[in-house]
Each structure stands twice: as C-alpha cells, then as structure tokens.
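> Take a look at the letters that make up each chain.
Protein chains: 2
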Amino acid sequence: MSSRLNHIEPFRVMDIVRTARAMSDVIHLEIGEPDLPPSPAVREALAANLDKMAYTNSLGLWELRVKIADYYQQHYHVSINPERVILTVGTSGAFLITYALLMSAGERLLLTDPAYPCYKNFAHILDIEPVFAKISAANNYQLQASDLATFDHIRALQISSPSNPTGTVYQPDILRDLIQTCQAQNTYFISDEIYHGLVYGKAAESLQTALHYSDEAIVINGFSKYFALPGLRLGFAILPESLMRHAEILMQNLYISAPTLSQYAALAAFDTDYLQGLRARYQSRRDYLYQALSPWFDLDAPSDGGFYIWANISRYQIDSERFCQILLEKAGVAITPGTDFSQHQARDYVRFAYTRPLDELKQAVKRIEQGLKNFESIS
Amino acid sequence: MSSRLNHIEPFRVMDIVRTARAMSDVIHLEIGEPDLPPSPAVREALAANLDKMAYTNSLGLWELRVKIADYYQQHYHVSINPERVILTVGTSGAFLITYALLMSAGERLLLTDPAYPCYKNFAHILDIEPVFAKISAANNYQLQASDLATFDHIRALQISSPSNPTGTVYQPDILRDLIQTCQAQNTYFISDEIYHGLVYGKAAESLQTALHYSDEAIVINGFSKYFALPGLRLGFAILPESLMRHAEILMQNLYISAPTLSQYAALAAFDTDYLQGLRARYQSRRDYLYQALSPWFDLDAPSDGGFYIWANISRYQIDSERFCQILLEKAGVAITPGTDFSQHQARDYVRFAYTRPLDELKQAVKRIEQGLKNFESIS
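Note that the protein sequences, when read in sequence, are chains A and B.
The letter at position 144 of the first sequence is residue 773 when you use the working numbering, and the numbering goes up by one with no holes.
The letter at position 227 of the second sequence is residue 856 when you use the working numbering, and the numbering goes up by one with no holes.
The hints are simulated quantities; they were obtained by calculation from the structure and are not laboratory data.
Every value quoted in this text rests on a predicted model; they were computed, and no experiment measured them.
Built from N, CA and C at the ideal position, the CB exists for glycine as well.
Wrong hints could be hidden among the right ones.
If you anchor each label on the Cβ, the simulated ranges turn out as follows [to be verified]: (1) A/Asn710 - B/Ala670: 39 to 47 Å; (2) B/Leu896 - A/Asn635: 19 to 27 Å; (3) B/Gln703 - A/Trp691: 36 to 44 Å; (4) A/Ala778 - B/Ser653: 52 to 60 Å; (5) A/Gln812 - B/Gln814: 21 to 29 Å; (6) A/Arg650 - B/Asp654: 36 to 44 Å; (7) A/Asp644 - B/Ala670: 43 to 51 Å; (8) A/Gly906 - B/Asn635: 46 to 54 Å; (9) A/Ser923 - B/Gln703: 55 to 63 Å; (10) B/Gln954 - A/Trp691: 22 to 30 Å.
Okay, derived cross-link-like pairs now, DMTMM-like style, lysine to aspartate or glutamate, Cα gap no bigger than 20 Å in a straight line [to be verified]: (11) B/Lys681 - A/Glu692; (12) A/Lys681 - B/Asp680; (13) A/Lys681 - B/Glu998; (14) A/Lys681 - B/Glu673; (15) B/Lys681 - A/Asp664; (16) B/Lys959 - B/Asp902; (17) A/Lys995 - A/Asp654; (18) B/Lys681 - A/Glu998.
So, partial list: chain A residues that the calculated Cβ filter (under 8 Å) puts toward chain B [as the list claims (entries may be wrong)]: (19) Arg633; (20) His636; (21) Ala676; (22) Val695; (23) Val718; (24) Ser721; (25) Leu731; (26) Ala734; (27) Ile885; (28) Ile947; (29) Val994.
Construct all of the structure, not just a fragment, from the sequences and the given hints.
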C-alpha cells in the first residue's frame, strides 16, 4: 500500500462512535455532531427542491455564494465578492482543495498541537509535512505571533477558532498579529471558522473572522456545526482572488460539484433567530457541564466557543485511551481521548462534546461521578 | 502555488458547459449528465427522510452496502461481502481514496489515452505519475494484456468499460486477460464501471464486471449515470478485504462520510424496470445519432455503452478545440473537444453526449449538417 498511509492514524472518535453505538445505554459525548435540528426552513427548502438532481456549477450555486457573502457582510461587516466563495464537500473538501492548492509535496504546514486530527492527515495524504506548535494553558491555547519565528520554511499556517478540541476563541489582537506576521513572511494563513456562531460572550463577532484582518486570509467554514446540518456534507471556502481559477480547476477534477440538494437546503439555513436559539441552548449546556466537571478534572481551557470541553485527567494517573475505554465500558459514557488531537498532551487529556440535551448531560455527570469515586476499583 | 498544479488542466467540458449555458438557443451535447429523471421511488424516499441530517458511518449506511452487494449478486452473479462496499462522494471520491491507498508519490498509474480526464488529475494531485497506453481503432479502443509488457514499474492499471469518451465495452476475453496479467505481475487492477447498465446488445451482463474475474479487482461505480442521480454525488467502491481498514481510515479523514440524504435516496434507486426503460431510450438515441453523424464524421469507435460517440474530424483539417468553438458559436451545438481526454488523438476527435431527447438530437444534427456543408465559410 501507499507510503502516505504510514503516518495516518484512524480518526479515533469515528471508531469510538461505532463501538458506542453498538452498545446499549451509552450517553454519547464523543462526536462533535449537533443533536439539535436545523431550522424548519431547511426542510421546506428540501421538500421544494426534490427534483434538483443535476450537477451544479463546480464552484456552487451562485445564489448560495451570494448568500454567504451577504452573511459575512451582515455578521462580520466584511465585503466579499461572491466570486471568492466556493462550495465544497464539507469543510473536509475545503481543506483538501486549499492544501492541494497551496503546498507542494515536501512543503511544510504549521498546525497547533492539539488540533482537529484530520488537518495533519490531509497533509500526509498529499505528502505535505505537518509541523506542530505546542499550545497549552501556558499560552491560553492560542498560538502567538512570536512562536512563528521558531519554525523555518513554513508555507502555510492553519488555526481554528473556536478551536476543536479546546473550545478556545482567539483574542482579536493575537489573531491580528498572527495574520500580519504570516503576511510579512509570505506564509499563507488558513482560518478554520466552522465553529463560528457558537461563541459565548466574547469579543464582537466582527473581530472573530480572519477576513476582518486581511483579504489574503483563507477562510474555511460550513453548515455542519452552527447550522446543524452535518449530513449535507456542505462546506465553503473564501479565497483570495488570485487563487480562484486554480481552485475551480481542482473542484472540477476532485468533486465535479458539491451535492446539489445540500446546496438548495443551505439556501434556507440562514435563519438567524432560530440559530441564536440553538446557540443559547449550547451555552446553557456549556455553563452546566463545565461547572459540573470542574471538581473531577483540571479544566485549563475555557470552552468559550464550539461545543467541547478539554479536560486534564492526570490526577487519575492513567492513559487517556484507557480512561475513555473504562468510562465507556464501566460507566456508559462515551468521550474522546486526547490522542485523537495531540502528541504532547495526548495521554493526559480527554474531550467532552456537549452535543446532547441537558438532562442527558446531567445523567452523564452522575455516571462519571459514580465511576470516578470508585475509580480504583473499576480501572 | 503548489507544483502539483503544473500538470493539471481544466476539465474543459465544465468550462464549455458554463459558456454554453450563458448563451441562448444552444443544444447541449457536451456534458455526460443524464437528462432523464431518476425513478419516482427516489423522490419518495427523499421526501420520507428529510429529517436525516446526521453523519452516517464513514463507510456508509449498512442497508445500502447490503443493497449494492445484492445488486451485484442479481446482475453479475458475483457474491460480495457487503463489508467490502464503501459509499463515497461520487466516483470522484472513490478514485481519490483508491489512488491514495494504492500508490505512493512517484509511483506509476497506467491509464489509457483517451480516457476520462480526471483520472490523470487525481494522480497529479497525489504526485502519482500517470503513464498512458494509446488505444485507437487499431485495437478496437481496448487495451490488450500484451500491451502491459511495454510499461515498467506499473503499480496500478485503471480502465473504464463502457468507456468514456469512446463508448467501447471490453470483450470478456480481453478483460479477463488484462486482469490475470495484472495479478501475475502484482499490478492493482481498477475498473471504472460507472456506465454499467447502459450497455446496448453486448455480452452477458455477468461478464462485464471485473469482479467476475477476480476478487482482487477494485470496482468503482455510482449513482450518477445509469441511476440518473448525478446531483447526489454518491459513488461506491468494492475493494478487496485486505484494503478495507485503510480505506475506512481514509474515508474518516477525507470525507467523514458521504452525504446522508443521498444515501437514503439511493436505497430506492434500484428500480430495475424503470431503469431498463431509461436504457432503452438511450439506446434509441444512440441508434439514431450514430447513424445520423456517420456521413459527417469517421466513427471508428462503436458506442456500445454509456452515452457518448467519439468522432474523428480530421477531414475538416482543423483543431478539435477550434472545431468545438465554431460549432458552438455558429451552429449552437455544444460538444467536447478530444483535448479533454487525450494527448495523441486530441486534435482530431470530438465527443458527442446523447444526453438530450431525440427531437433535440435531430435538431442538433440538422444544425451540424448545415454548419458542415458550409464549413469553410463559417470556420
């Protein structure tokens, strides 16, 4: 088989999902998949477009590209030519296209550790070399511009804010400095903004997007999290003008186009009032779970956005994979080990996703408390 | 930008589609997209599943994997463990996964020339080296086992039957010999069977799939052509057992999963009576168009399957791209130049897709006749 597979590890959470789903009476806090339904308007849009079975233009439905540009105008006060928006097969498709566009085999992509595991695997598939900048409680889980100096020959930097798995939202000044430093040294800046919309009481929304700081930043976003439409497999990228024609050629070849029904559904997804309601529910879950877990774990990351809590388990003196296995088998609670996201903190951290209703979270906390009280006997 | 883009050319037909759609009164014979609607059962299945918005298992809905295995049992009399079927984002997704699985950067993939243009571009994106075996009227547009000896260090061979752009269906003995020769020399055999079902009066269906000859062959197929569901972006691959775990890891990372609604829709797509009706309509179009074009072009490929006619234009002593441009602008008929599919025959061939109703085909033929009668004056 191909040598590019040597470096690729399973996306463990997907394996855990499968194991956990095969068991009875498990509370699922492992996968970052919204449990709340999308706006009813989406269902109506789908029902009205069931005969749309043709390919779309490779870059996507023009009306949807315009809608996305409008959304960025309204929410972030940035003016984007809709021509710069491309519809992709999930944010996954946007990562593949962006990485394939920007980096040759052997070139280096700077990522944070911890980070979403697929970033590095997209790099490995394309024989790009991922390089990792450690982030931790010491720097509030935010890469600093000054950190860049310690890495040579970086072609692109990829961050996410809000971050998976830590829940961190970058401070505006830190984000600005990072972007400016990248531009000064000709490093592409890629901003994964898939958890945008799910930010709890932080800086003005307009300061959260990389596009506020530079038109050269590459923004990746989609409909799987805030918009609650993971099954559509629909993401988008906002690219600098200079990359557009090459992005189109890659789209034509790699995907032909994004799924058609998904694009029609997404036209109806921008239902602000409804979405604010979803955010409020995630926030109340976050408020509850963060507090309820804090006696049992060292929570050194804030969970200011997204729907994850990154929790240190070192007091239990056990490897995180084994910890998750025990919690699943003995307490019926599925969570994800740090090893999915990290090398340097992997064994000491686990990730909770609050993508279940509050009553389930409460039940999960009871089970966890019970298990951890008797941890020595069950482990 | 990345050096991997140096070798990638636009998928010209997608550009032609865009130009042609922006014009008025054009007959579209350029894109290989079914114009006939899918089975009404698909629409019903979609309407009944509009609330299915979660990710599926990375390898796809189990019921659909079983359905595909059953389909291969019924139509080809081959017994496939459903575990070997993976649902992908179009056949495009299946190519990316298969190539990434089988070949390291620098390894060689043998393709035919002409062939579907994206094959070589998937290779370029992954820094795999595509190598081309010329096929032509001299060998009935079918690669022969004896041709393999002229190529060194081939890791995988990819063919398609029925073939795009030539319409060729491989003879069973030629297909068998190719597969056996590949196995004898440890070359992976990849069979693109996306045009299966659309075969007109040839050998028994059971002899058309590579799986009839070997369980080690890799079959790629999907719902975009025969099943008339291109917008679903849903394909599948049938892989040898030994590749399954690695394929799953790649699926998890590259796509998470195929679009969910598309998978539910596809469950209802296996409507044999309806699909036989579609095939009959394509066949009557083929019968008409092949005969109607034959006074004007040298048709040296048979169009035994799929929905394409590969036509030699050398009598007009003009480059195929220019020919297509003139036909579009002066006669209002959009077709695709050979340069999308070929190096060695590129300038002398064009491709017609009979994916429009018979009355439009007749009108197109009139326009073509009119244009070619006065070709010197319009060119």
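> Could you run down the list of hints and mark each one as holding or not?
Here is what the structure says about each hint:
no. : hint                            : result
1   : A/Asn710 - B/Ala670: 39 to 47 Å : holds, 42 Å
2   : B/Leu896 - A/Asn635: 19 to 27 Å : violated, 37 Å
3   : B/Gln703 - A/Trp691: 36 to 44 Å : holds, 42 Å
4   : A/Ala778 - B/Ser653: 52 to 60 Å : holds, 58 Å
5   : A/Gln812 - B/Gln814: 21 to 29 Å : violated, 51 Å
6   : A/Arg650 - B/Asp654: 36 to 44 Å : violated, 54 Å
7   : A/Asp644 - B/Ala670: 43 to 51 Å : violated, 34 Å
8   : A/Gly906 - B/Asn635: 46 to 54 Å : holds, 49 Å
9   : A/Ser923 - B/Gln703: 55 to 63 Å : holds, 58 Å
10  : B/Gln954 - A/Trp691: 22 to 30 Å : holds, 24 Å
11  : B/Lys681 - A/Glu692             : violated, 24 Å
12  : A/Lys681 - B/Asp680             : holds, 18 Å
13  : A/Lys681 - B/Glu998             : violated, 34 Å
14  : A/Lys681 - B/Glu673             : holds, 14 Å
15  : B/Lys681 - A/Asp664             : holds, 11 Å
16  : B/Lys959 - B/Asp902             : violated, 41 Å
17  : A/Lys995 - A/Asp654             : holds, 14 Å
18  : B/Lys681 - A/Glu998             : violated, 34 Å
19  : Arg633                          : holds, 6 Å
20  : His636                          : violated, 11 Å
21  : Ala676                          : holds, 6 Å
22  : Val695                          : violated, 17 Å
23  : Val718                          : holds, 5 Å
24  : Ser721                          : holds, 6 Å
25  : Leu731                          : holds, 6 Å
26  : Ala734                          : holds, 5 Å
27  : Ile885                          : holds, 6 Å
28  : Ile947                          : violated, 26 Å
29  : Val994                          : violated, 24 Å
In summary, the numbered hints that this structure violates are 2, 5, 6, 7, 11, 13, 16, 18, 20, 22, 28 and 29.
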